[in-house]
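As you go down the protein sequences, you meet chains X and V in turn.
Residue 125 in my numbering sits at position 125 of the first sequence; the count goes up by one each step and never skips.
Residue 95 in my numbering sits at position 95 of the second sequence; the count goes up by one each step and never skips.
Calculated directly from the structure, the hints in this document are not laboratory data.
Backbone N, C-alpha and C define an ideal beta-carbon position, used for all residues, glycine too.
A portion of the hints provided could be inaccurate.
Stated by the list, open to error - Using 30 Å as the maximum straight-line C-alpha spacing, the simulated DSSO-like pairs for lysine-lysine come out as follows: (1) V:Lys216 with X:Lys194; (2) X:Lys194 with V:Lys323; (3) X:Lys194 with V:Lys194; (4) V:Lys323 with V:Lys360.
Claimed, not checked - A few chain V residues facing chain X, derived, Cβ under 7 Å: (5) Pro63; (6) Ala71; (7) Val72; (8) Ile184; (9) Gly191; (10) Val192; (11) Tyr210; (12) Gly214; (13) Asn341.
There are 2 protein chains.
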Amino acid sequence: MKSQASDIQIEKVKQEDLKPKPDPEKLLFGHQFSDHMLSIEWNSTSGWGRPLIHPLRNISLHPAAKVFHYAVELYEGLKAYRGGDNKVRIFRPDLNMERMYSTAERAMLPAFEGMKAYRGPDKKVRLFRPDQNARRLLSSAERSVMPTFDVHELVECMKKLISVDQEWVPYHPTSTLYIRPTLIGSEPSLGVAKTHDALLFVITGPVGPYYPTGFKPVSLLADPKYVRASKGGVGRYKMGSNYAPTIYIQIEALEKYDCQQVLWLYGDNHQVTEVGTMNFFLYWINEEGEKELVTPSLESGLILPGVTRKSLLELASTWGDIKITERDLYMNEIIKGLKENRVKEIFGAGTACVVSPVEKIIYDGKTYNIPTMAEDAPVTMRLYKELTDIQYGRVKSDWSVEID
Amino acid sequence: MKSQASDIQIEKVKQEDLKPKPDPEKLLFGHQFSDHMLSIEWNSTSGWGRPLIHPLRNISLHPAAKVFHYAVELYEGLKAYRGGDNKVRIFRPDLNMERMYSTAERAMLPAFEGMKAYRGPDKKVRLFRPDQNARRLLSSAERSVMPTFDVHELVECMKKLISVDQEWVPYHPTSTLYIRPTLIGSEPSLGVAKTHDALLFVITGPVGPYYPTGFKPVSLLADPKYVRASKGGVGRYKMGSNYAPTIYIQIEALEKYDCQQVLWLYGDNHQVTEVGTMNFFLYWINEEGEKELVTPSLESGLILPGVTRKSLLELASTWGDIKITERDLYMNEIIKGLKENRVKEIFGAGTACVVSPVEKIIYDGKTYNIPTMAEDAPVTMRLYKELTDIQYGRVKSDWSVEID
Numbered sequence: 001m002k003s004q005a006s007d008i009q010i011e012k013v014k015q016e017d018l019k020p021k022p023d024p025e026k027l028l029f030g031h032q033f034s035d036h037m038l039s040i041e042w043n044s045t046s047g048w049g050r051p052l053i054h055p056l057r058n059i060s061l062h063p064a065a066k067v068f069h070y071a072v073e074l075y076e077g078l079k080a081y082r083g084g085d086n087k088v089r090i091f092r093p094d095l096n097m098e099r100m101y102s103t104a105e106r107a108m109l110p111a112f113e114g115m116k117a118y119r120g121p122d123k124k125v126r127l128f129r130p131d132q133n134a135r136r137l138l139s140s141a142e143r144s145v146m147p148t149f150d151v152h153e154l155v156e157c158m159k160k161l162i163s164v165d166q167e168w169v170p171y172h173p174t175s176t177l178y179i180r181p182t183l184i185g186s187e188p189s190l191g192v193a194k195t196h197d198a199l200l201f202v203i204t205g206p207v208g209p210y211y212p213t214g215f216k217p218v219s220l221l222a223d224p225k226y227v228r229a230s231k232g233g234v235g236r237y238k239m240g241s242n243y244a245p246t247i248y249i250q251i252e253a254l255e256k257y258d259c260q261q262v263l264w265l266y267g268d269n270h271q272v273t274e275v276g277t278m279n280f281f282l283y284w285i286n287e288e289g290e291k292e293l294v295t296p297s298l299e300s301g302l303i304l305p306g307v308t309r310k311s312l313l314e315l316a317s318t319w320g321d322i323k324i325t326e327r328d329l330y331m332n333e334i335i336k337g338l339k340e341n342r343v344k345e346i347f348g349a350g351t352a353c354v355v356s357p358v359e360k361i362i363y364d365g366k367t368y369n370i371p372t373m374a375e376d377a378p379v380t381m382r383l384y385k386e387l388t389d390i391q392y393g394r395v396k397s398d399w400s401v402e403i404d
Numbered sequence: 001m002k003s004q005a006s007d008i009q010i011e012k013v014k015q016e017d018l019k020p021k022p023d024p025e026k027l028l029f030g031h032q033f034s035d036h037m038l039s040i041e042w043n044s045t046s047g048w049g050r051p052l053i054h055p056l057r058n059i060s061l062h063p064a065a066k067v068f069h070y071a072v073e074l075y076e077g078l079k080a081y082r083g084g085d086n087k088v089r090i091f092r093p094d095l096n097m098e099r100m101y102s103t104a105e106r107a108m109l110p111a112f113e114g115m116k117a118y119r120g121p122d123k124k125v126r127l128f129r130p131d132q133n134a135r136r137l138l139s140s141a142e143r144s145v146m147p148t149f150d151v152h153e154l155v156e157c158m159k160k161l162i163s164v165d166q167e168w169v170p171y172h173p174t175s176t177l178y179i180r181p182t183l184i185g186s187e188p189s190l191g192v193a194k195t196h197d198a199l200l201f202v203i204t205g206p207v208g209p210y211y212p213t214g215f216k217p218v219s220l221l222a223d224p225k226y227v228r229a230s231k232g233g234v235g236r237y238k239m240g241s242n243y244a245p246t247i248y249i250q251i252e253a254l255e256k257y258d259c260q261q262v263l264w265l266y267g268d269n270h271q272v273t274e275v276g277t278m279n280f281f282l283y284w285i286n287e288e289g290e291k292e293l294v295t296p297s298l299e300s301g302l303i304l305p306g307v308t309r310k311s312l313l314e315l316a317s318t319w320g321d322i323k324i325t326e327r328d329l330y331m332n333e334i335i336k337g338l339k340e341n342r343v344k345e346i347f348g349a350g351t352a353c354v355v356s357p358v359e360k361i362i363y364d365g366k367t368y369n370i371p372t373m374a375e376d377a378p379v380t381m382r383l384y385k386e387l388t389d390i391q392y393g394r395v396k397s398d399w400s401v402e403i404d
């Protein structure tokens with residue numbers, strides 16, 4: 001039997017047991033949860049079970065469950081937005097679910113892998129998408145040797161969950177409902193091996209405005225001795241194992257250097273990869289004198305193929321006045337660009353914040369000021385506005401999926 | 001209040017509910033568990049709670065617990081042995097607990113970091129331990145930004161657990177009771193950050209003889225595109241995040257190449273690091289014509305400081321007839337040694353198997369036969385015998401800790 005959204009079983013919290021909704025102005029990320037969750041169990045013999053929406057409750061696992069010992073786990077993060085029209089929308093859930101679960105040739109990544117931008121005789125910048133070179137990319141579930149799920153059915157299940165808890169989507173212009181699909185290996189046996197039992201669950205919770213008092217630029221610590229991901233590793237997958245090792249370094253960056261984020265470098269040439277848990281973007285005048293938006297290429301395998309990253313690239317590529325480039329990028333290029341006053345804006349991009357402007361990078365014992373906010377970050381802000389206009393339904397787009 | 005072994009509270013399974021013990025000849029690693037477990041809860045405000053020994057039971061956690069999302073988890077593995085004298089002993093538990101939890105200057109690692117062997121004028125080989133260069137090494141708990149525990153008290157708690165379940169230590173000359181201390185981040189909040197709640201638990205279970213029908217040498221796949229750990233990463237810590245990414249590659253090695261283990265290489269020069277989840281050992285005649293036992297140095301940070309590794313080095317260093325060397329080791333040296341018939345034995349070393357002889361390495365499209373078993377692996381077998389003699393109490397040693 002195929003496990004599908006039409007089989008979903010819903011056990012609702014009793015009206016009198018519904019939790020009070022918190023003040024949308026006072027939300028702390030990841031600390032408040034909605035009344036319900038989605039669970040789907042899997043076993044290698046019987047396959048996926050029936051999708052269940054039920055009251056949020058603890059997960060009970062044998063202490064030998066593989067998730068506790070070998071980090072057999074992966075997740076996604078996306079959001080539901082309440083528009084001025086009071087409709088609730090989720091943003092490109094198909095892309096998150098493809099990254100997590102798809103076994104098919106994936107629409108998301110090949111389109112941007114090795115993408116080249118070029119300027120035509122009409123002076124417009126266009127993207128060349130070498131689809132013929134598209135490589136087969138694994139989803140997080142495949143790379144973790146965990147079961148895959150039908151992407152469409154999973155989006156439908158999530159939509160039902162959001163629908164049941166739609167009152168948890170904040171009535172607020174910048175707060176949102178964060179959605180966290182998770183897959184864990186639950187087989188109760190020790191030994192580093194494929195799991196024969198798994199649990200897919202989705203929890204949601206309201207999260208506050210990332211910038212309640214206006215954009216607050218961050219400082220980054222760029223120290224090549226700290227590595228987030230390496231070649232041959234799993235940096236491009238949203239597996240739990242990418243995160244635990246970064247906590248110690250984050251704390252060191254904050255406590256020793258007063259930096260809110262780590263700029264993750266790689267290799268002897270100090271290749272720029274990510275910012276904290278975000279993708280990295282640079283807007284500058286390149287050595288050829290062109291206005292250019294650069295982000296590290298996915299080709300290296302070191303970088304998470306962010307949905308926000310992809311969306312910002314797609315938006316900027318329609319403007320026609322800026323060259324868009326995905327390529328390997330090195331610290332010495334950024335330093336040279338800074339010295340020559342060619343660097344205009346640097347920002348991180350991700351689901352939580354959309355964009356996070358950078359004002360400072362500590363690198364090689366020196367502090368480099370980044371002029372991102374000097375002219376109010378016009379490129380960063382244009383991207384922010386265009387993306388949030390779609391997310392909140394102010395601009396119609398098929399990237400936004402309405403919840404009934 | 002300090003959480004200590006003398007405060008331990010024991011809730012025993014009722015006599016009639018004790019599980020039947022499995023046949024010690026038919027044990028599958030990690031699938032059978034003893035009747036009891038040890039649990040100690042921690043919270044950043046109240047500290048460690050009272051140690052509890054209680055019936056083995058599920059762990060119940062909020063679905064947002066950090067362990068499920070960000071792999072905030074670490075573990076250890078050690079064993080209890082029943083000797084011919086019917087006494088139960090555990091092997092060097094202080095070393096495992098130091099690796100896991102210690103905040104003190106650690107006895108275990110500095111002693112072997114950068115250890116050099118030299119041959120004296122009396123022809124004997126001695127170790128030079130540059131204690132003055134000993135570096136402060138973090139325990140797994142510190143690197144994971146999780147709470148530490150008093151090593152001595154934790155060993156005492158474990159001894160009580162083994163004592164309660166001592167009938168689970170197999171009455172068998174080569175089966176053992178495997179002990180799995182684990183620490184997980186249980187704070188129920190999303191966000192990649194330090195956990196404010198944690199659970200330390202220890203489960204145990206009988207495991208069979210690793211070689212029920214005599215030593216069975218393994219084949220290794222050595223492909224530099226697969227990386228276990230990298231510089232700046234956490235390869236030297238027993239964190240869960242080191243394991244999930246290896247499962248896919250293990251399966252590929254077995255299915256595509258019929259190799260039971262992966263020989264993990266690193267970097268452009270194909271540095272040899274580990275074998276599966278074991279440390280790597282090479283016994284050969286080196287280019288100077290000396291008999292030499294070589295294992296990769298811990299200095300690189302790529303390698304787990306194994307307790308079996310350390311113990312084998314310490315045993316071999318007393319022999320006096322073999323040079324013992326810890327240093328970076330590269331595939332081209334091994335290939336050259338094979339061509340010149342200087343390679344005698346290659347084996348992996350770890351708690352599960354003690355030693356695992358290697359008969360084949362697939363590397364760079366070629367299959368290299370390793371003559372480990374050609375003369376019945378005299379060095380490997382001598383190490384195996386000396387270590388298991390201590391573990392099973394046939395030879396007295398303060399490495400073996402008796403359980404009352």
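| query | Among all the numbered hints in the text so far, which are the ones the structure does not match? | reply | The structure breaks hints 2, 11, 12 and 13; every other hint is satisfied.
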